[in-house]
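Peer 1: Please construct the entire structure, taking both the sequences and the accompanying hints into account.
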Amino acid sequence: MKHDFRARNHPAYWAFLAHRVSGLLLALFLPVHFWALGQALHGEAVLDGFLRWTEHPLAKLGEVILVLALSAHLTGGLRILMLEFLAWRDWQKSLAALAAGLSLAAGLAFLLNLG
Amino acid sequence: MDSEACTLNVRVWRGGESGGFREYEVPRLESQTVLDVVTYIQRRIDPTLSYRFACRVGMCGSCAMTVNGKPRWTCRTHVAKVADGDRLEIAPLSNLPIVRDLVTDMTPFFEKWQRARGRFQGGHTRRDDFARVPPDSRERQNTDAGIECIGCGVCYSACEVVAWKPEYLGPAALNRAWTLVNDVRDTDRRARLSAVAGDAGCHACHTQMHCTERCPKQISPTAAISGLKRLVLAAALKGELEEEPGR
Amino acid sequence: MSPRAQVLLWGAQRASAAVLAICVAVHLATVIYAVRNGLSAAEILGRTRGNAPWLAFYLVFVASVAVHAPIGLRAILAEWTRWRGRSLDLAMLLVGGLLALWGARAVWAVFA
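Protein chains in written order, with our numbering: chain A, 1 to 115; chain B, 1 to 247; chain C, 1 to 112.
Since the hints were made in silico from the structure, they are not lab data.
Hints should not be assumed to be uniformly reliable.
Here are the simulated DSS-like pairs of lysine-lysine, each with C-alpha atoms no more than 27 Å apart in a straight line [to be verified]:
{"id": "1", "chain 1": "B", "residue 1": "Lys238", "chain 2": "B", "residue 2": "Lys81"}
{"id": "2", "chain 1": "B", "residue 1": "Lys165", "chain 2": "A", "residue 2": "Lys93"}
{"id": "3", "chain 1": "B", "residue 1": "Lys81", "chain 2": "A", "residue 2": "Lys93"}
{"id": "4", "chain 1": "B", "residue 1": "Lys165", "chain 2": "B", "residue 2": "Lys81"}
{"id": "5", "chain 1": "A", "residue 1": "Lys93", "chain 2": "B", "residue 2": "Lys238"}
Rough simulated footprint, nothing fancy, chain C against chain B, three-plus residues with beta-carbon under 8 Å [unchecked claim]:
{"id": "6", "segment": "54-68"}
{"id": "7", "segment": "151-165"}
{"id": "8", "segment": "190-198"}
Backbone N, C-alpha and C fix where the C-beta goes; we use that ideal spot for every residue, glycine too.
Peer 2: Here it is in structure tokens:
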């Protein structure tokens, strides 16, 4: 009865959800990222030791997800900045599609470079 | 078009907040609207069904209800367009207290309208000449884009931020505030910008655009709210916001 | 928090977003480039060790993130949980402080 999925099923909503979920993911990832890089304080070898964990296929998958999250959050954020700071135009509603496209392109570039 | 069912299976919300759906069989007719269906149930099956309508021609907004999950004007919603096969689900508008069955209490909706200072305040008297407002000026075009709102509550019902934050003023009240902020005759600008500022105001909008998607008059409250965000930020930076805006 | 403070918080979020747009674009490009022949400490540190421009860049990056992330988290928590008010604001301030601290430490780790 309450406003449910049937009413949420449109592009601007997916854009919002992608933006929020990616942001949350990144916010949770950051402390880990900072800790990992901080390992360099103990010397190059320690950092290298940590980096060897990233060779694992699951780690590679995680990296792809993170890059997708980062590009999704970036492109979605640019969309919001345009929606909020440019005087309203009709094409602004299609920015969600553009954001999604660019985000996937970045993810793909990363994936191709991994192989 | 072959073998279309001759009856509709209609689930209708009965009771208050803790009520439930009850099922009715309604004959399916050509060019039937959802309001026709509700009227049929009340007149022919169950006279205890409560619902609101007035003009029944898409001008007053009184008949707004949640149809198959989406808030719509039932008088302007053809069954053929929204029926899921032969099934319909009709419920009261979301985000508003339920009086009974399909009737909601619109008081919070209009209270927020007032809280957003959605009322005109002029500086002229009858002794002054008419105000001259060029219709093609940017401000007037901004106002005109949102002025057709009839306060039906569909956007408010569609907004998820309203559902998450009961204090959020909502798309209709903010849209009205935007039309007034752009009205060059209005003299209440500073207090109004203060009233729509912050976590309960325009800055809570996340551009989900449910409101724009559902507005039966094709108004974009999202556009209005974006405009307010800019103006309020500028006012905040210039120290022009009132700390305790009067109601 | 007064409405004016809330508005300025929103403004800070958008401003830091604009800065981050540039930082993230650079960072993404760097990451995509760096990962080409596998990731190694030598490769990363070779780029960042003793390099003042990278240091400046990453410090700006960290500062912007420390502003941007907590304000975003504040909205998510206020909307999707029952947590509101002063305690939430203070918690988010703490999150920002910790991100700034750990971030600066990480930047120093790859520069020094």
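Peer 1: Please go over all the hints and tell whether each is borne out by the structure.
Peer 2: Against the structure, the hints:
1. Lys238/B / Lys81/B: Cα-Cα ~51 Å, so violated.
2. Lys165/B / Lys93/A: Answer holds: Lys165/B to Lys93/A is near 25 Å, not above 27 Å.
3. Lys81/B / Lys93/A: 24 Å, holds
4. Lys165/B / Lys81/B: 32 Å, violated
5. Lys93/A / Lys238/B: 31 Å, violated
6. 54-68: violated (count 0)
7. 151-165: holds (count 3)
8. 190-198: n = 3 at 8 Å, threshold three: holds.
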